[in-house]
Amino acid sequence: MAEKLLGVLAEFENQDRLLDAAKATRKQGYRRLDAFTPYPVEGMSEVLKLHDHRIGWLSVIGGFAGFFGMLAIQLYVNADYPLNVGNRPILAWPAFFVVDFEIMILGAVLTPVIGMFYLNGLPQLYHPLFATPRFSLASDDRFFLYVDSADPKFDSGKTSAFLKSLKPVTVEEVLE
Amino acid sequence: MVERALPLGETLHEISVDVGRVPLRFPAKVPWAIAMVLSLMLVGLFLVSITYLFARGVGVWGLNIPVNWAFAIHLYVWWLGLGHAGTLISAMLLLMGQDWRNSLNRFAEAMTLCAVVCAGIEPIIHLGRPWFFYWMFPYPATMGVWPQFRSPLEWDIWAVLTYLTVSFVFWYIGVVPDLATVRDRARKRGWRVFFGIFSLGWRGSARHWDRWRRCYRTVAVIAVPLVVSVHSEVSLLFASGQIPGWHSTIFPPYFVLGAAFSGFAMVAMIAIVMRHVFQLGGLVTERHLDVLAKVLLASGLMTAYGYVFEIWDGLYSGNVHEIATIHDRFFGIYAWSFWGAVFFNFLPLQALWLRSVRRNTMLLFAIATSVVAGMWMERYMILTTSLYKDFLPSSFGVYHASFWDWSTYIGMIGVFFTPFLLFVRYIPSISIFEDKEVLAREHEEARRG
Numbered sequence: 203m204a205e206k207l208l209g210v211l212a213e214f215e216n217q218d219r220l221l222d223a224a225k226a227t228r229k230q231g232y233r234r235l236d237a238f239t240p241y242p243v244e245g246m247s248e249v250l251k252l253h254d255h256r257i258g259w260l261s262v263i264g265g266f267a268g269f270f271g272m273l274a275i276q277l278y279v280n281a282d283y284p285l286n287v288g289n290r291p292i293l294a295w296p297a298f299f300v301v302d303f304e305i306m307i308l309g310a311v312l313t314p315v316i317g318m319f320y321l322n323g324l325p326q327l328y329h330p331l332f333a334t335p336r337f338s339l340a341s342d343d344r345f346f347l348y349v350d351s352a353d354p355k356f357d358s359g360k361t362s363a364f365l366k367s368l369k370p371v372t373v374e375e376v377l378e
Numbered sequence: 454m455v456e457r458a459l460p461l462g463e464t465l466h467e468i469s470v471d472v473g474r475v476p477l478r479f480p481a482k483v484p485w486a487i488a489m490v491l492s493l494m495l496v497g498l499f500l501v502s503i504t505y506l507f508a509r510g511v512g513v514w515g516l517n518i519p520v521n522w523a524f525a526i527h528l529y530v531w532w533l534g535l536g537h538a539g540t541l542i543s544a545m546l547l548l549m550g551q552d553w554r555n556s557l558n559r560f561a562e563a564m565t566l567c568a569v570v571c572a573g574i575e576p577i578i579h580l581g582r583p584w585f586f587y588w589m590f591p592y593p594a595t596m597g598v599w600p601q602f603r604s605p606l607e608w609d610i611w612a613v614l615t616y617l618t619v620s621f622v623f624w625y626i627g628v629v630p631d632l633a634t635v636r637d638r639a640r641k642r643g644w645r646v647f648f649g650i651f652s653l654g655w656r657g658s659a660r661h662w663d664r665w666r667r668c669y670r671t672v673a674v675i676a677v678p679l680v681v682s683v684h685s686e687v688s689l690l691f692a693s694g695q696i697p698g699w700h701s702t703i704f705p706p707y708f709v710l711g712a713a714f715s716g717f718a719m720v721a722m723i724a725i726v727m728r729h730v731f732q733l734g735g736l737v738t739e740r741h742l743d744v745l746a747k748v749l750l751a752s753g754l755m756t757a758y759g760y761v762f763e764i765w766d767g768l769y770s771g772n773v774h775e776i777a778t779i780h781d782r783f784f785g786i787y788a789w790s791f792w793g794a795v796f797f798n799f800l801p802l803q804a805l806w807l808r809s810v811r812r813n814t815m816l817l818f819a820i821a822t823s824v825v826a827g828m829w830m831e832r833y834m835i836l837t838t839s840l841y842k843d844f845l846p847s848s849f850g851v852y853h854a855s856f857w858d859w860s861t862y863i864g865m866i867g868v869f870f871t872p873f874l875l876f877v878r879y880i881p882s883i884s885i886f887e888d889k890e891v892l893a894r895e896h897e898e899a900r901r902g
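Chains as they are written, first to last, in my numbering: chain B, 203 to 378; chain U, 454 to 902.
In short, the hints are calculated from the structure, not lab data.
Only a predicted model underlies this, so the values are computations on that prediction, with no experimental measurement involved.
Certain hints may be false.
[What the hints assert, rightly or not] Short derived list, chain B residues pointing at chain U, Cβ under 8 Å:
1) A297
2) F298
3) H329
4) A333
5) E374
[Stated by the list, open to error] Here are a few chain B residues that face chain U, going by a calculated C-beta distance under 8 Å:
6) L208
7) T239
8) E248
9) L252
10) D254
11) I263
12) A267
13) N286
14) A294
15) V300
16) L312
17) Y328
18) D357
19) S358
Glycine included, each C-beta is placed from N, C-alpha and C at the ideal position.
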């Protein structure tokens, strides 16, 4: 079976070199880039133009759903089984607010967390990158820049040569 | 000069090694095994106690009218309070950009989880028929009844369940990148599979980090008001009733601060033990202990303010029952718990004004222990002194903790420590990637001078 080339991976020693390399690579016109780092590198999202605002909105939506959903439940159960306690009001808004607040928070936390994993495509226990020999260092102390072969400018020879010109520690091809 | 959170001599790789070796090549097998055996013995005691409790009913505790809330409820408040510091350290200090938190947050969050589980068990075993605890949920029952959402007792289960879920989720999304680090460092196949599955295939992609960071910060922003709301809600269990000594608007902030206070003390104790046993002095430095001690002192003084205000509140009310309760707290049969709380929570704490004490692990540990004990007495005092004499002298009574009260409590300590010990054994107990982030920033600052 012929192995398909998925992209090229360049390894750098620290975050500054990676950031410089990422900027240079984007300047060359590459767009399908990714970086793999041991921790979230400050400024990387700006360089790669990654801004997924959906996470925040998911939280807002989840919070609203939790708040109004729980409010509806509380109104319904009190209307369905009206219990008169010393003639206190059946629909007691201040009393409902406590549980409402908690469930609003539950919704506002669970939706962005589930959404984050879903949008990231996780869990995905195997990925071709894991088969690349030095990739395991991405969770230790090395910083990787990845150019995807789906990039319109991608050319296996030229792209590797360009990445090598950025003075990385190694350049590796990622095969399927 | 601003003091650094981490020594500059460390490299990113050393952090992976220092923290990652703990689960992979556990450094303290013998002390861990001894602690685990003790802890499991306590779990055994707990199981015996609740078996007897379930067979005979809550009368096996010293409960009776008028004191029908005692150990189970006071410990519920106490455990939950211990847990709150974990969330506060993780969430509030993250948002305030306090780098020193990164060496403490992970095990503080684990402590939160274990403490919330203990807190959640307490009110359930206090139910006369604990197997019906699910009646608290609004499900379409054949009897056609619904839970009473206008009652603080019903609010409670929602607050605790939300808190447990959010604490778990916050802890887990924080630990996923570190599980990936340990996965990549593991050599044995079993470990690789174990960490591989629980790290969900995390690979540190910039896209993933971008969403992850937004998500983590969002949860952190929400977790801070959650802590405040949960413990405020707990205080409403008391403050919504008209029992003298409970019926006060000071209760929500007073409870939240007391909770944070006891929790910070617990974090300090655990930090000192872990740093010693796992030789993590390079990551949990004296500066960490120093800052923790300052936070402890500050929250302790706020709690002390709560004491003053609580007394003032009662006196100013002019209500004879309120004043009688204050008198009972000062001079009644439970006066030991009031003066004990004042003593243990306030006096030793004052030593923390001195820098040399803040950086002395033995003294800090002793002061933190005193705080945890003092808060225990405070919660006990709030319950018993208010309940044993309410309005009518004909309904006065006394409460004494029975053997089974104590055995359930001591056993519960095992329920707390067993999962916590499993956590320090199998999960990286200090945040690897967040410490690397701090170190990279410090290197950057050092370069710029």
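Hint check results:
Given the 8 Å rule on beta carbons, the hint for B:A297 holds: about 4 Å separates it from the nearest Cβ of chain U. At a threshold of 8 Å, the smallest CB-CB gap from B:F298 to chain U is about 6 Å, leaving the interface hint in force. A hinted interface residue such as B:H329 counts as satisfied when its beta carbon comes closer than 8 Å to some beta carbon of chain U; here the least separation is about 6 Å, so the hint holds. The restraint placing B:A333 at the interface with chain U is violated, with a minimum CB-CB distance near 12 Å, outside the 8 Å limit.
Proximity of B:E374 to chain U is violated relative to the hint, the smallest CB-CB distance being about 15 Å (cut-off 8 Å). The closest approach between the C-beta of B:L208 and any C-beta of chain U is roughly 13 Å, which is over the 8 Å cut-off, so the hint fails. A least Cβ separation of about 5 Å between B:T239 and chain U falls short of the 8 Å threshold, and the interface hint therefore holds. Look at B:E248: its Cβ only gets to about 10 Å from chain U, farther than 8 Å, so that hint breaks.
The interface hint given for B:L252 is met, as the beta carbon of that residue sits about 4 Å from the closest beta carbon of chain U, less than 8 Å. Interface hint status for B:D254: upheld, as the beta-carbon distance to the closest one in chain U is roughly 5 Å, under 8 Å. At its closest, the beta carbon of B:I263 sits 12 Å from a beta carbon of chain U; the interface hint therefore is violated under the 8 Å criterion. Given the 8 Å rule on beta carbons, the hint for B:A267 is violated: about 14 Å separates it from the nearest Cβ of chain U.
Proximity of B:N286 to chain U is violated relative to the hint, the smallest CB-CB distance being about 11 Å (cut-off 8 Å). At about 5 Å, the closest approach between the beta carbon of B:A294 and any beta carbon in chain U falls short of 8 Å, and the interface hint on this residue holds. Of the supplied interface hints, the one on B:V300 holds, with its beta-carbon coming within about 4 Å of a beta-carbon of chain U, less than 8 Å. The restraint placing B:L312 at the interface with chain U holds, with a minimum CB-CB distance near 7 Å, inside the 8 Å limit.
Hint status for B:Y328 relative to chain U: holds, with the closest Cβ pair at about 7 Å, below 8 Å. Interface restraint check: B:D357 against chain U, minimum CB-CB distance 23 Å, threshold 8 Å, status violated. Checking B:S358 against chain U: minimum C-beta separation of about 22 Å lies over 8 Å; hint violated.
Checked against the numbered hints above, the structure violates hints 4, 5, 6, 8, 11, 12, 13, 18, 19; every other hint is satisfied.
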